Amino acid sequence: MNRVEMLIKLSPWLFTIGLFVVWEAAVHIFQIPVFFLPPPTAIAQAFVDYSGPIARNSWITLQTTLIGFGLAVGFGLLLGLLVGWSRAIYAGLYPLMIGFNAIPKVALVPILVLWFGIGFVPAVLTAFLISFFPIVVNVATGLATIEPELEDVLKALGASKLDIMRKVGIPRTLPYFFGSLKVAITLAFVGSVISESVASNYGIGNLMLQAQAQFQVPLIFAGLIVLAVEGIAMYAVMAMLEKRMTGWAQRSGFAQA
Amino acid sequence: MTAFVALDGVSHAYAGVNSALAVEDLSISVESGEFAAVVGPSGCGKSTLMKLATGLQFPRAGTVTVAGEKVTAPVKIAGMAFQAPTLLPWRTTTENLLLPLEIVQPYRGEMRRRKAEFRDRAERLLTSVGLEGQGSKYPWELSGGMQQRTSLCRALIHEPKLLMLDEPFGALDAFTREELWCVIRDLQAASKITVVLVTHDLREAVFLADRVFVMSSRPGRIVVEKRIELPRPRDLEITFTQAFQDIVHELRSHIVKARQ
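Taken in order, these protein sequences are the chains called A and B. With this note's numbering applied, the first sequence corresponds to residues 1 to 257, in that order. With this note's numbering applied, the second sequence corresponds to residues 1 to 260, in that order.
Rather than coming from a laboratory, the hints here were simulated on the basis of the structure. Careful: at least some of the hints might be erroneous.
[Said to hold, decoys possible] With a straight-line Cα cutoff of 27 Å, these simulated DSSO-like cross-link-like pairs (lysine-lysine) come out: (1) B:Lys137 to B:Lys115; (2) A:Lys167 to B:Lys115; (3) A:Lys167 to B:Lys257; (4) A:Lys167 to B:Lys192; (5) A:Lys167 to B:Lys137.
Just so it is clear, the structure is predicted and the values come from calculations on it, not from any experiment.
Isolated chain A, as found in the complex (with noise of 0.2 Å):
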């Protein structure tokens, strides 16, 4: 690894420490205080003071953004397959998902509590809800853009529908599909978040909302951090699965420099 390589491999760290560095400076220098932005040793400081609580909601967060982004993933690609199978479907399906795209999701929480009650199913399927449109339009449009020639060829020699589907629409609609995911794992994040603050007793969500309650400026941040951790972490995870499986579409050096 020559130097360049070795400071790219570390730029990340060192913007994040730089960042932190420049806060915290910044919140000592202008004297701001604490109620109002704490410095990151506070937030490190309510780190260690409510390490129990903070863990165990992070948890909870996670496990219902994953259920919820698990959910998603299977619905939209199921739903992608078939508006990307026939454009019947695919034009009488699009408005309406684009309409319901365009609804704050976070108006649907009050109607899914009155439904399944407070707690941890309207978290779930508001993280459902939000991040299955992406997956959706994604597949949908790695089938829809098959080259017409290649149809033909596979026409001509008397293939099927489903056979054209299975040996071309599904594998070059992979990469798609697999970028998609790193959309829609940190929108479930905020799908169950927002609906934990709202309508739950558990969570990250219900964690800063009851610190804000209580004034616990350090304690909300703390929340916001790990929220930004878990968010990074699987957006990592969605990537790394992307490239395993999709390597073939990934050459250019643009995507990856």
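With chain A held as given, fit chain B onto it using these hints.
Relative to the frame of chain A, chain B by itself:
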């Protein structure tokens, strides 16, 4: 000799708003084992001809007959290659060649049992087009000419009776194109397969074909049919002879008329 591919009084238009005729009263007949070339101005319905002859489209009027049977479904005995090689990037060269065998019967049902045999066949085919030992490479590791050779092999792997080529060399540089002319010439000479080549390169048509058909501009019809009497096997040198040039000139004047 009987006609292997015959279009008789065929008219066709694509569904849609702009439903002008793509071809009108088109008749063409290609004999078994013959190498036919179809040339014409761009947009004259050459690709429509390909689709009709392979059963990807069905005519509004007239009949299409392939191998003695009226075409009512995709013909299944045809191999096709286009200007773009359309290889699957997630498959190696060999796996790309095996694709038709995974679709077409009887190979489809025998895929598992005869896999090794099929792989050998793919390797032999690759060798015959000068791609020996390239089977494990992915398409993006091959040059444009090599990809097009692979595409030709894919069109031939299931031993079709009919090879349909839609401007297969159009995107290649002049030298590679001439190399591939020789490849396709040798493949056809060895297998005696019936070939229909659609092209707008007159030299290509004259060099390769037994008969050249000239189409009119849209809606396409055959306006001239010219038998190429140049002796076989033909060497690239023949393209520089006066006899060759005369034929090209003659066809060119027909195309110029067809465009008007």
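So, going through the hints one by one against the coordinates:
1. For a cut-off of 27 Å, the pair hint linking Lys137 of chain B to Lys115 of chain B stands: about 19 Å separates their Cα positions.
2. In summary, the hint linking Lys167 of chain A to Lys115 of chain B is supported, as the alpha carbons are separated by about 17 Å, within the 27 Å threshold.
3. Between Lys167 of chain A and Lys257 of chain B the alpha-carbon distance is near 45 Å, which puts this suggested pair outside the 27 Å criterion.
4. Taken as a hint, the Lys167 of chain A and Lys192 of chain B pair is broken in the structure, with Cα atoms around 30 Å apart against an allowance of 27 Å.
5. With a CA separation close to 19 Å, the supplied pair Lys167 of chain A and Lys137 of chain B stays within the 27 Å bound.
In this structure, the hints that do not hold are numbers 3, 4, in rising order.
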